[in-house]
Amino acid sequence: MNPSPSNISRRSFLTRSLGAGLVLGAPSILKAAGTSPSDTLKVAIIGFGKQGRVLFEAMSNIPGLHFQAVCDIWDYNRKGGMGKVRALQGHLPNGYVDAEEMLNKEKDLDAVIVATPDFWHSRHTVMCLEAGLNVYCEKMMSNTIDDARAMVLAAERTGKLCQIGHQRRSNPRYRYTLEQLLKRHQICGQIVNVNGQWNRAVSSSQDIAYKESLAIDPAVLKKYGFKDMHQFMNWRTYRDLSGGPISDLGAHQIDIFNWYLGTVPKRVYASGGNDFFTQREHFDNVMAIFDYDTPQGGCRAFYQVLTTTSAGGGYYESFMGTEGTINISERAAYTNIYRESGSKMSWEPLVEKGYLKKVAASAPAASGDSDAIASYESAAPEAFALPGELNKPPHQPHLENFFAAIRGEETLNCDARHAFESEAPIYWVNPSALDGAPVNLTPDHLSV
Amino acid sequence: METESPNNNDLGRTLAMLLARLWLALRSLQTGIEKFAGTRSSETAVTIDGAANTYGLTESASSKVYGISHYSGVPKALYDKFAAEPLIPGWFLGLYDLLLGPALLLLGLTLLLGIATRVSLFVMGLVYTSLTFGLILLKQDAGVAWLAAHVILIVMALSLANHNRFAILKKW
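Protein sequence lines, in the order shown, are assigned to chains A and B.
Number 408 in this note's numbering belongs to position 408 of the first sequence; there are no gaps in the numbering.
Number 1063 in this note's numbering belongs to position 63 of the second sequence; there are no gaps in the numbering.
For the record, the hints were derived by calculation from the structure and aren't laboratory data.
Misleading hints may appear alongside valid ones.
Only pairs whose alpha carbons sit at most 16 Å apart, straight line, appear in this in silico EDC-like list of lysine to aspartate or glutamate [stated by the list, open to error]:
(1) A:K358 - B:E1059
(2) B:K1139 - B:E1085
(3) A:K353 - B:D1049
(4) A:K392 - A:E409
(5) A:K357 - B:E1059
(6) A:K222 - A:D207
(7) B:K1035 - B:E1085
(8) A:K392 - B:E1059
(9) A:K392 - B:E1043
(10) A:K357 - B:D1049
Please model the complete structure; the sequences and the hints are all you need to start from.
Below is the structure:
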């Protein structure tokens, strides 16, 4: 069942993806076999920091897993992670500082979860794939596009599964919205614009502190690519170690732009600056505009990531169409659906059948208000909501999909190639902002 | 000129006593029962176009349930505040929390059935007084006034104790 290695050329990539619009559809390949559904999967975790803990908490709800090893260069993370595993399964897993040593000693693993800093993703993933293991790697695939390419090639060369942690791809709310509301019932009509944003207050964007007594030996830090403990704790703010906010926060949402629109952008214009955190290497505020040619027509997508103001809070992706708008978010509270006033399409049949829930309309602004000029404003749209929610931690469905794929029961929802095709435009946001010029995205920019 | 006969006067006081007993018994019994109340949440698949959806979209429903496992004598929010009060020892708070619910149930039952009505009323008054002490510490004056209304009712019932009828055990 393992896919055969393939060296797909840029020409064939274009034929398969850009032209045919398959880039971002459901992967048809990549499910493994050979593991009995009743078998317990032996799992190792590389990187037990903040994101590693989030993934572990989500995995702790999934039956049939045995956490065999934990690897982290920081004692604090490693021992804390081992303690969490012991609390879950009753005994300590094996602990390692070095991933290579772990792979040399742990010979019967089925899967590895990679939740290390971005600049280690590719090395850890390729190393594990070449050791014959299936890998779930956090997004962004890497801090460089070439390292991300290496991950795709390694997955296809080894035939092992490589799921990238764009967890919205497995979220029932996102899948339902795409398949039922946008594609089947086309409630938005022609999508003419997309917006997305993730804004954080200054207080949530401060450097992460640490206790001196817990600091890692400088020689160990140097061995693993960190110049000091501050850089280890705050790797997201360094250009050589991460893609910065547009990659940390934007990657999730720009992935949704491409997935929902079913294609990738042809151009990106970006601007960024160090407006508040003036000493950081990465921009603290970034804005990007992506130009798309979709089967429905032209469309622009605007993405904004601010680490200097919460701007009122919330994070979501907004798909704006001629008939309606869907604001979708991982958080149900930020998800809203609006039917355009004057739309020819009635949504009542969808409400009656349960595809949508009608929401009590908020009180419209009084037309007689002194600040109202009727001719300037559209009539208030009707508000709707998704018919249900996700009752699990947001990462759990994506991890369930990964383990089900290992058992041969499902295909991956976001394998390395599809993740790369969606992530590739993001790698060109920072260069565009740095140069102050648009980047026309060609196959050289977007293909493996 | 017509005067009220002693018999008519007794009937009025008997009914007054009965009403006070019923109200105080109901107040105590149901408050005790509510201390065993909790919420059970359930998730069900959302039905779309007549069938359960296959995406995993769920809707949650919660219902009120009763059981020993849900018991909480002193509501959590109040418990935490009492725990921070230096005049309330931790061991006492734990014991009080354990006994309050059963005590209210027992007192409500004895009052309803008329078992040692005067003693039951007096102990009930002590319980409300103890609750008053806690609320004074937390400076919840409205709650203190509310409990005072209960104690006034108990005092009135005690003053009508000679007119207690429909009682299983009239002694005490």
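**Asked** Which of the stated hints cannot be reconciled with the structure, identified by number in ascending sequence?
**Response** 4, 6, 7
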